[in-house]
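Protein chains: 2
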Amino acid sequence: MAVKINENYMLIKSNYLFAEIARRVDRFQEENPEADIIKMGIGDVTIPLPKAVVKAFKAAVDEMGEKETFMGYGPEQGYSFLIKEIIEKDYAVRGIKLDEDEVFISDGAKCDTGNIQEIFGLDNTIAVTDPVYPVYVESNVMAGRSGAMDEDGKYDGMVYIPCTADNDFTPELPETPVDLIYLCYPNNPTGTALTKDELAKWVEYARENNSIILFDAAYEAYITEDNIPHSIYEIEGAREVAIEFRSFSKNAGFTGTRCAFTVVPKEVKAYDSEGEAHSLNPLWNRRQTTKFNGVSYPVQVAAKAVYSEEGQAEIKESIAYYMKNAEIIRESLKEMGLSIYGGVNSPYIWVKTPEGMTSWEFFDLLLSKANVVGTPGVGFGPSGEGYFRITAFNTLENTKEAMERISKLEI
Amino acid sequence: MAVKINENYMLIKSNYLFAEIARRVDRFQEENPEADIIKMGIGDVTIPLPKAVVKAFKAAVDEMGEKETFMGYGPEQGYSFLIKEIIEKDYAVRGIKLDEDEVFISDGAKCDTGNIQEIFGLDNTIAVTDPVYPVYVESNVMAGRSGAMDEDGKYDGMVYIPCTADNDFTPELPETPVDLIYLCYPNNPTGTALTKDELAKWVEYARENNSIILFDAAYEAYITEDNIPHSIYEIEGAREVAIEFRSFSKNAGFTGTRCAFTVVPKEVKAYDSEGEAHSLNPLWNRRQTTKFNGVSYPVQVAAKAVYSEEGQAEIKESIAYYMKNAEIIRESLKEMGLSIYGGVNSPYIWVKTPEGMTSWEFFDLLLSKANVVGTPGVGFGPSGEGYFRITAFNTLENTKEAMERISKLEI
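Protein chains in written order, with numbering that gives the first Met the number 0: chain A, 0 to 410; chain B, 0 to 410.
Copies of the same chain look alike in the list, so a pair counts if it works inside one copy or between any two.
Each computed PhoX-like pair below joins lysine-lysine, with the alpha-carbon atoms no more than 25 Å apart:
(1) LYS265 <-> LYS3
(2) LYS351 <-> LYS333
(3) LYS66 <-> LYS38
(4) LYS54 <-> LYS66
(5) LYS368 <-> LYS399
(6) LYS268 <-> LYS96
Hints are computed from structural coordinates only; laboratory data are not their basis.
With the sequences and hints as input, model every part of the structure.
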């Protein structure tokens, strides 16, 4: 006898997308020390925390330093003062009613979208759009819901739903039944969005097939068009089949501060092997109370300040700044004759690489000739081959400069 | 077909220990509104964050508010500036050498001790001491490493190692082979410690049986005796068989601020089904990079300040304050003729309930007659029946007052 590893970990094909990007960028910089490289690859924000957030954050740290106001363990589910704001200002304003115990504060949408699969059985069939945020896939592979990766870059047993220019990036309903469906809209990496009508088809599918939709809405703050839902609960019947993930990372610059939340309505149910239905809300509560210990108190106070009048004004300004960049990227690349997608309801622009060029070839071209770094689409899944992601999270100056350089290339 | 729940969750017998305590306390307070209840139940600190920590914390929040110093995504494993301090000031000083990539910063020892089982196969046998911190048990039950709970309060398939006055709270090596061994020393809840010689027996056992020790050292800062190891790596050969968990919660008051770390030496290995050995360090790294997104930057800066000269002086003072309370509790209860354990290398005092009294009967007695709240030992496992936990985390005044009230009881 000897202690055994979780062998599912051995199935993970480490594409280490961002590590490979960093390696190529470092090598290029070393060989070309004078090159002024502009990075538009990783989806990380650059505008500092709103002043209203900083002020509240520091005041809460001060509370932690005084006997009378010191806070020890908080509720694993998060403080009521933050949950109330979320319910009122993110949901009630859109006509969505939530109870306080349906909202779970956490330290990140990555953590929550990675952990959520734990409350489901191992014998569920998983569906993801392709290209896809790798966490949805890999967290399930590690848990044992797949076989090995095939030659085509897909894990055996998982259902990949292609989203490419061919279908206008609108995922088609699966032909074989699936149990858990990960949808991220506005989408990372393609930057495209789903209309209410399109999302309603998925809700209907889930209701008919006793499936559950895991809806990642981390980018909802970037939505500019009216017919794009900010929350899946804007769709009738979604409360019974959908769990929603939100984050303060992309709307308020919390990527390094860490706060997010997950909504698990009490009506969402899954089944045991006898066919009996169980509400998922107490299961997620059990998962979080056993394996998580709540978000830092000052961080929750900081997140609350995002909803203040001043905070809201500041984050609107930041988002407008990024979306101005997105527009510049869209217009510049379109003018060059490239096919581009996204960037209207999202800070990501998804570029079709020029005829006959792979994602990595285009990456190398932009790096070497324009000193601009983006992300090869193939890194997000097989259907990402032939595409390239550019983010709007740089400064206006750098964005303009990058586009100027790219426009001079002969593509 | 329909989406399935993780049925292992149904096995959890919700003892909801602290919820039941809260329920009884609330009811008593309602019926006796004038009663001045002193709480010595939950293991939560009460002394505010050290001034050095608050100062550094706030300065880091300021950095997050300025373009030039703003921090976005950090490394999932934590910042080097904090890891370096840990290695130098927690380990090198005790002659323990660690590489930077052997230390993983996290948001809590509860999270890490709950998540660590994910990198191991489901077919491992789990051993815990009894009484035990419930997270070790429940995280394994939820993952599927046990059967249902027996009538005696033990999950089928798990190995419980009794630690009671009968064996001087020294766990005996298991008679049947086990794969994963959870040890928490200084112990929660008993407050007892293991000497180097005793811990060395476990390291030897693990080496001989290809087992792994998951060593929770969250309370090491409370050690006062020389022959008690602060780290399991003080034991020769432990680097090959032990993972260690540490936290800033109990030494520096971070229960509401959230920062901890886990040490996974590269030599620690487990086996696949072909008998091939795999280093656990890259497996934990994979788990953390896929399902976690790093600790808040300002919190990591705050944790670094714990290691400053000022920070160290402040935390020593707080610990001395709590340990003075522990001494008062020990002496008072001893004088009453009660058998007490722990409280020398730990902020917990473990009390044998008076002859013929169960843990909950003693709880009700102290609540109703002395208006003092503690924790029934049976809540931590079947071998905790007939014991009671009192914590030293209240104020000196309250601690004295509580002891005075208890000493007047006819026990």
